Every structure is written in structure tokens, then in C-alpha cells.
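These protein sequences, in sequence, are chains X and D. Residues in the first sequence are numbered from 1 upward in steps of one, following full-length UniProt numbering. Residues in the second sequence are numbered from 1 upward in steps of one, following full-length UniProt numbering.
It cannot be assumed that every hint is accurate.
Said to hold, decoys possible - Pairs of lysine-lysine, DSS-like flavour, derived with a Cα cap of 25 Å:
| hint | chain 1 | residue 1 | chain 2 | residue 2 |
| --- | --- | --- | --- | --- |
| 1 | D | Lys-92 | X | Lys-231 |
| 2 | X | Lys-132 | D | Lys-92 |
| 3 | X | Lys-227 | D | Lys-92 |
| 4 | X | Lys-132 | D | Lys-190 |
| 5 | D | Lys-123 | D | Lys-156 |
| 6 | X | Lys-229 | D | Lys-96 |
| 7 | D | Lys-96 | X | Lys-231 |
| 8 | X | Lys-132 | D | Lys-146 |
| 9 | D | Lys-84 | X | Lys-227 |
| 10 | X | Lys-68 | X | Lys-95 |
| 11 | D | Lys-84 | X | Lys-231 |
| 12 | D | Lys-146 | D | Lys-247 |
| 13 | X | Lys-107 | D | Lys-456 |
| 14 | D | Lys-456 | X | Lys-68 |
| 15 | D | Lys-84 | X | Lys-228 |
| 16 | X | Lys-110 | D | Lys-456 |
| 17 | X | Lys-229 | D | Lys-92 |
| 18 | D | Lys-96 | X | Lys-132 |
| 19 | D | Lys-146 | X | Lys-231 |
| 20 | D | Lys-456 | X | Lys-95 |
| 21 | X | Lys-129 | X | Lys-110 |
| 22 | X | Lys-228 | D | Lys-92 |
| 23 | D | Lys-156 | D | Lys-146 |
| 24 | X | Lys-228 | D | Lys-96 |
| 25 | D | Lys-163 | D | Lys-146 |
| 26 | X | Lys-229 | D | Lys-84 |
Stated by the list, open to error - Part of the chain X face toward chain D, derived, beta carbon under 7 Å:
| hint | residue |
| --- | --- |
| 27 | Tyr-113 |
| 28 | Ile-117 |
| 29 | Gln-134 |
| 30 | Thr-146 |
| 31 | Pro-169 |
| 32 | Leu-170 |
| 33 | Ser-233 |
Calculated directly from the structure, the hints in this document are not laboratory data. Everything numeric in this text was worked out from a predicted model, so none of it was measured. The beta carbon of each residue, even a glycine, is placed where N, CA and C say it ideally should be.
Single-letter residue listing:
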Amino acid sequence: MPPRLNIWPACRALSIRTRAFAQAAQPGPAAHSRGLADNTTSRLPPSASGALPPSMLPESEPPAYTSKENEAALNQLRMIEYGLSPLDSSVEGHKYGLPELPLPSQKHTKHRYDAVITQVTKLLMRDGKLAKAQRDMAMILNYLRTSPPPKLDPSKPLLPGAPPAHHLPLDPVLYLGLAIDSVAPLIRMRGFKGLAGGGKSLEVPMPLRARQRRRTAFQWILDVVNKKKSKGSGRTMFPHRVAEEIVAVVEGRSSVWDKRLQVHKAGTSNRANLTHSGIKGMI
Amino acid sequence: MSAPNCLRGLVRPSATIPISAPRTAAPRVAPIALVRSAPFSTTAINARRQDPNQQGGGGKGHVRQGKKLKLGKFKKNAVESKGKPPLPGERKAYRKRITLSNDNAIPVPWLKDLDADDLASAKNIARVLALPEEVQDQLRASEAFKPTQCWGMFRKPSLLVRKESVDLMNRMQASVDRKQTLRLVVTGDKVTGKSMMLLQAMAHAFLNNWIVIHVPEGQELTTACTEYAPIPNTEPVQYMQPVYVLKLLQAIKRANEKILAKTYTVSGHPELPQNITPNTPLLALCNAAKEPDSAWPVFQALWNELTAQGANRPPILLSLDGLAHVMRVSDYRSPAFELIHSHDLALVRLFTDALGGAVHFSAGGAVLAATSRNNAPRSPSMELSLAQREAEQTAGKEAAEVPQKDPFFRGYDDRVEAVLRSVQVLRLGGVSKLEARALMEYWAASGMLRATVDEKTVTEKWTLAGSGVLGEMERAALLTMRI
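So that you can see chain X by itself, here it is in the shape it has in the complex (with noise of 0.2 Å):
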């Protein structure tokens, strides 16, 4: 009788598993799909006094290549080794995988800077020089980061639920877009010709949207940065001296200030305007 037909090689064929299978296709990167397969685990010390947040600290020194990711993939391998089909289908057949929907919007190549930066940085363009604008823009940014934190003047108030003063170097997309939407206007006179007798126009306050808002606020500060005087020279004057009135705007000092209380005014004394009745209908 030959040795194989008993039943102790069947035996042997058996394997004990120590853990359990994973019963779904595990959420996250699928084994041949990962390009990032380097270790590139963190190396900082742990630190006792718990500053850091826990995201950046590691638990240990993990051995190479033990990762989440590996070892998600390692327990796929294990899967089709058993047999088993454990790849997602949205993973398996393309190459990167396929992206997570709904995209975020910084995905997309036309909004992937923040709103309000997009539209400065046109705002700062000349000769449809684009790149060079967004060049200034980042100075601009780089400039708030290590300026010292900003003095407020309790009399020309930031927009409500501004967060304190030295939050905002740190934070210098938000510390542009205070700066500009605390100073925008929140009307604009507009003229409507010959109704107010004698040839003169009427002037009627009309609201503005939050885009005509802001760039009404940033040419009111390009004017006066046009009118400044650069105290060094190179290619980072035009930037400091934009962000040097940024400044000066949320510390109060800027006389942008003052042209958006005089179109303010001019709005408030106008106001009866809006019931004329050469205008009805038209607004």
C-alpha cells in the first residue's frame, strides 16, 4: 500500500491560523497598487511632555517596513495565497486605483488655491503674468508668516469671530482674507443720470456680492501700495510693500480704512434715494 493513500500527509496539509481572516476587502490601498512601498516611518523621539499632536508621534520605534498599509497588503497576499479573491474591485484594473468621489475641491487644477487667494493673486497680475503673480503672492504670504503678530486697534474692528492676534501669522491665508474682507465695503454708490434734477445723476447705494467686495477692498490697498516707497530693492519689494499694508490695514493704521467709512457714509446719506421714483423697477 503506498505511503500517500493514509491519512496522516493529509494532516500535515493542514494549517493552523493563528489570526483571522479579514472577512471584507480592507478599506485602504491594495497590495498592487502601493508605489510607496519605502520606509519612510518616522524617526522623531518620543516625547514625554505630549506637545506634539498624536498624529505626528509614533508609538514606538516600529521594525522596517510595518505600516498600516503593508500590513493590509501583506494580509491580502495572505488571502490570495488561500485562494481567496480579497482585492477591491475599484482598486484592481487601475493602476492608481480610482479616485475618491466627490473630489475634493483642491483637486481641481482651477481651485486648488483658496478662493480669496485665487482672485488677489489675479488681482496683482500685470502683462497676464500669471506665474509672477503667484510668485508675489506666496512673498506675500512668506511675509505675513514672519512678521510679528499684529497689533489691533479696538476702534476699526476685524470682522466678528476673527481669531486673536497671534493666531494669524501662523495662518496666513486667513490673515490676508480678514485683512480684505474686514475692509470691504459693503455698498457701492451707482448713478443713475439726470434724475436728481439739473443734470446731475442720482446716486443710489447698491449692495455688493462678497467677490465685488473683496476686490473693491484690494484695489483700494494696491492704490496706496502703488503710492509707496520701496525701502530695498530685487524682486520681493512689490510683495513686502503689499504685505506691509495688509499689515497696516489689521492694525488699523491703513487709510484704506477711511475711504470704506466715506463710501459708508455717502451710502447711509443717499439712502432715501432708493424710494425715487425715477428709479422703480429699475433696481
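Using the hints, position chain D against chain X.
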């Protein structure tokens, strides 16, 4: 003198009093407006302008009435200058100023200061370490920081220890142990950290009590922007650059003050303005240069002392950034109006001799040079030599793939090739992902990178930066509109 004349001397002179006496009688009391000697002038206005002591007088002289032809009436809105214009050099100083800290940045809790052997130990690869205060001052004195580097964004100036830096420091250390001189050229693509590698070498040298002599920009020596003068009794004629050398001496003095005070001369220097006797501290020798005139002899004396054989000297690091500029014909002209080769400038020759291996330091040391990819002139000989040395290093002894001279090209320079015949070459490229991660964690911990640093982000920035070119990583992650 007659009585009426005497009395007239007491009267206040005015235009209404007829002065009958001759002009010479009372010259001192006459008002200036009256004694105006008629200078040559065509009009009353011009005559007035020539007289600087004009007081009062009123009126502006004769101004022609009536219509005038207005030329350039569209230029009326010329901007009037407000305030005083900036002093010469002030705007450049503002542009070139170096800020080494940012008080807004969050202090990084796990950041440690550099120790003497930190840069040479392999366990520190892919860690970020801070420069101690003292070394910061020394590096600043020797102009190792550049305004284009991102020092101004973080709380403390810090360094990423790379694989190549540990390699370089170990080579420096090994050459000192064998009392030899390491001669090495750091080269690589744009913004790969060549100047930063020099800075790390200097930091290592300062921490280990070396004497550091650093030429921050090779181009300052050869673009004819500093004064030069022939050195008497040299054949062929060499040229000194007294003003630059004085500046260099002062930088050396400030950066190496402690060590120079503990190092003594072995021979006297009676030819200097101050008589330096043997056993004087080298610091006193440096102090002997007060004027540009005496700077070159003092520098030469200092160099002779540092390279004196058999003397007890600390190791010496001699470094230069922007090698291509000193490996070409300079912009200076000889009295015969011929261009001077850079190697005929005495300071450059001193460096190239050391780089070529003609100088021996008694306690060993290093001569380092870094090439630059910005604003560097083409130097075909240098490029070829560096490529040859690199090929020889990698291929071992066989010279099969070593690049050869183009036989139809005339722009090669034998003197440059002689200098670079036996140097080592350290080529820098991108950093590994591990190093990139360490750096990005430092950025994030300082609050300058507002993103989660995980494998995906690291790989993204590493790839965007052309496989981890450090300057490009900074551009992709720090200097962008997307913060």
C-alpha cells in the same frame, strides 16, 4: 584819516547813503549785496545763482512776462520725491539682510543642538539638528548663510543631516586623523544643497575647534568689483586685493577668535606695521591689519604661520563657494590691458594651490569648494575635470569610460586642469524619502507646513521635487500659495 571818513565808519551802511569815499576805504562793513563784483554772466538770474551768499534781497530778478512755450505738458505729474533718498548701499543691504529666526514659528520640542561629533555619526542620518548659538555667530561672521535660504522661517536655524554630510564629515575626520588634507569639490544640480553642505562642514569644523577660512562668493574675487594692485617682486606678476583681504581677515578674526588667541606664532614678522615677535597670539597678528595697505602682508604672514611645518596648529578648513568663477580668466586687466587669469590673483592662487595639493597643514585639514549652478560662468576645463574625477572614483582604476577632451575645442585651460587633477568629487542629488520625511516633520512641527505628514504627503512632495531635490521641496511645500 580825515574826520568825515572816520565818522562814516560808525554809520550803518545802507544803499541810501551815498558813498562818496572810494570802495577801498571801508571794505569790511560793506554789505555783500553792495560789493558784488560783477561776475561774468549773461543774465541777472544767472548772476544771482552764482552768488551763494545771497541773503534776503527779495524778488527773483527779472522773469520774462507773457506767454511761454510749454514743452512736454503731459509730464506734469512727475512724482516728487518725498523724504531723503536712501543712502548708497542701503537698499542692497536691506535686500541682502539675513534673518535667522522667526518668533512666530512654534519651537520644536525634540530639536537638539549639534554636538561636536553629531554630524559625523551615521545614527544621525535623517535627523534635524539645531545650530548652537555660538556656532551661529561664527557662521554669520564668516558669511556662510545666504539670503536665498529659508532660515528666516523657523525658530532656530537647523540642519538636516544627510547621508552625504555624514560621509563628508567622516572623510574630513579621517584626513585629520592621518594629518593629511582632504581636497574635495562639492558639485550637483541646482538647489541640491551644495552651499548647505559647505555650511555643515564649517559647522562641524567650528564645533571641533578647527580654524575656518571661508570665501563666501568666488565671484567677488574675479568680477573686478574690488580693488587690486600688483605685488612687487613677483614673477610672473601677481595681484593682491587689499580691500577684500582686509574684510576677509576681519571675518577670520571674528569667527575664530578663541582658537586664534590660543595659537602662537613661531617666527617673527618684522616687515609688518606692528612688529610681531615669536610667541605672539595669531589674534594679535590679525589685529595688525588696520588699513587695506597692510592687509595683504598680514594675511600672508597669517597663512605662513598657519601652514608652518612642525608647529602646533589646529586643523584648518579652507572653503570657497562658486568655484567656476575662480576657474576662468578674470575681468581684471593688467597695465598692458590684457586680461588677468584668476590664478594670478594672489588670494585665488593661495586657494587653488591648496586645492591642488601644494600646501600641507601640520595638523591636517580640508580644502573644500562648491560649484554653483546660478550665475556661474561656463568653465569647460572644470566641468571636464570634475566629470573625469567622478568617473575615476566610481569606475575604480580603469579609465575606459572616463570622458576625454574634445580635440576640436580650444577653450580648455591647462592651469585649471592642473588644479583639479587629484581632487575628490562629492556629487549631491536628491535626498531619500526618509530624510525628506524628517525634514517635513520639522517643517510641520514648526507650524510652517500645514499638512499631515504621512507617507502619501512625503511621497508627493518628494516626487514633485524631482526625487527629493531639497530646494525644490522647499518650493513645493513652503514657498507656495497653498499653505
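Against the structure, the hints:
1. Restraint check: the Cα-Cα separation between Lys-92/D and Lys-231/X comes to about 10 Å, which is no more than 25 Å; the hinted pair holds.
2. Of the pairs offered as hints, the one joining Lys-132/X and Lys-92/D holds, with about 22 Å between alpha carbons and a cut-off of 25 Å not exceeded.
3. For the given pair, Lys-227/X sits about 21 Å from Lys-92/D by alpha-carbon distance, which is consistent with the 25 Å threshold.
4. Restraint check: the Cα-Cα separation between Lys-132/X and Lys-190/D comes to about 20 Å, which is no more than 25 Å; the hinted pair holds.
5. Proximity of Lys-123/D to Lys-156/D is assessed by CA-CA distance (about 22 Å); at most 25 Å being required, the pair is judged to hold.
6. For the proposed pair Lys-229/X and Lys-96/D, the alpha carbon gap of about 18 Å is at most 25 Å, so the pair holds.
7. Restraint check: the Cα-Cα separation between Lys-96/D and Lys-231/X comes to about 12 Å, which is no more than 25 Å; the hinted pair holds.
8. The suggested pairing of Lys-132/X with Lys-146/D holds, with an alpha-carbon distance near 23 Å, which does not exceed 25 Å.
9. For the given pair, Lys-84/D sits about 16 Å from Lys-227/X by alpha-carbon distance, which is consistent with the 25 Å threshold.
10. Distance hint between Lys-68/X and Lys-95/X is fulfilled; the C-alpha atoms sit about 21 Å from each other, no more than 25 Å.
11. Straight-line distance between C-alpha atoms of Lys-84/D and Lys-231/X comes to about 12 Å, which keeps the hinted pair within the 25 Å bound.
12. The suggested pairing of Lys-146/D with Lys-247/D holds, with an alpha-carbon distance near 17 Å, which does not exceed 25 Å.
13. Under the criterion of a C-alpha separation no larger than 25 Å, the hint pairing Lys-107/X with Lys-456/D is consistent with the structure, at around 14 Å.
14. Between Lys-456/D and Lys-68/X the alpha-carbon distance is near 13 Å, which keeps this suggested pair within the 25 Å criterion.
15. Distance restraint check for Lys-84/D and Lys-228/X: the Cα-Cα separation of roughly 14 Å lies within the 25 Å cut-off, and the hinted pair is therefore satisfied.
16. Pair hint Lys-110/X plus Lys-456/D holds up; C-alpha atoms about 22 Å apart against a cutoff of 25 Å.
17. Between the alpha carbons of Lys-229/X and Lys-92/D the distance comes to roughly 15 Å, so the proposed pair stays at or under 25 Å and holds.
18. Annotation: proposed proximity of Lys-96/D to Lys-132/X holds, straight-line Cα distance about 21 Å (limit 25 Å).
19. Distance restraint check for Lys-146/D and Lys-231/X: the Cα-Cα separation of roughly 20 Å lies within the 25 Å cut-off, and the hinted pair is therefore satisfied.
20. As the CA atoms of Lys-456/D and Lys-95/X are separated by approximately 16 Å, the hinted pair is consistent with the 25 Å bound.
21. A hinted pair counts as satisfied when its Cα atoms are at most 25 Å apart, and Lys-129/X with Lys-110/X qualifies at roughly 17 Å.
22. Taking the CA atoms of Lys-228/X and Lys-92/D, the gap is near 18 Å; set against the 25 Å cutoff, the hint holds.
23. A distance of roughly 15 Å separates the Cα atoms of Lys-156/D and Lys-146/D; the hinted pair therefore holds under the 25 Å criterion.
24. A threshold of 25 Å between alpha carbons decides the hint, and for Lys-228/X with Lys-96/D the separation of about 21 Å falls inside it, so the pair holds.
25. Note on Lys-163/D and Lys-146/D: the hinted pairing holds, with a Cα-Cα distance of about 23 Å set against a maximum of 25 Å.
26. About 11 Å separates the Cα atoms of Lys-229/X and Lys-84/D, which keeps this hinted pair within 25 Å; it holds.
27. Against a cut-off of 7 Å between C-beta atoms, the interface hint on Tyr-113/X holds, since the closest Cβ of chain D lies about 5 Å away.
28. Hint status for Ile-117/X relative to chain D: holds, with the closest Cβ pair at about 6 Å, below 7 Å.
29. Below 7 Å, beta-carbon pairs count as interface contacts, and Gln-134/X has one with chain D at about 6 Å; its hint therefore holds.
30. The restraint placing Thr-146/X at the interface with chain D holds, with a minimum CB-CB distance near 5 Å, inside the 7 Å limit.
31. With 7 Å as the threshold, the beta carbon of Pro-169/X comes within range of chain D, its nearest partner Cβ sitting at about 4 Å, so the hint holds.
32. Interface hint at Leu-170/X: satisfied, since its Cβ lies 5 Å from the closest Cβ of chain D, which is below the 7 Å cut-off.
33. At about 4 Å, the closest approach between the beta carbon of Ser-233/X and any beta carbon in chain D falls short of 7 Å, and the interface hint on this residue holds.
Of the numbered hints stated above, none is contradicted by the structure.
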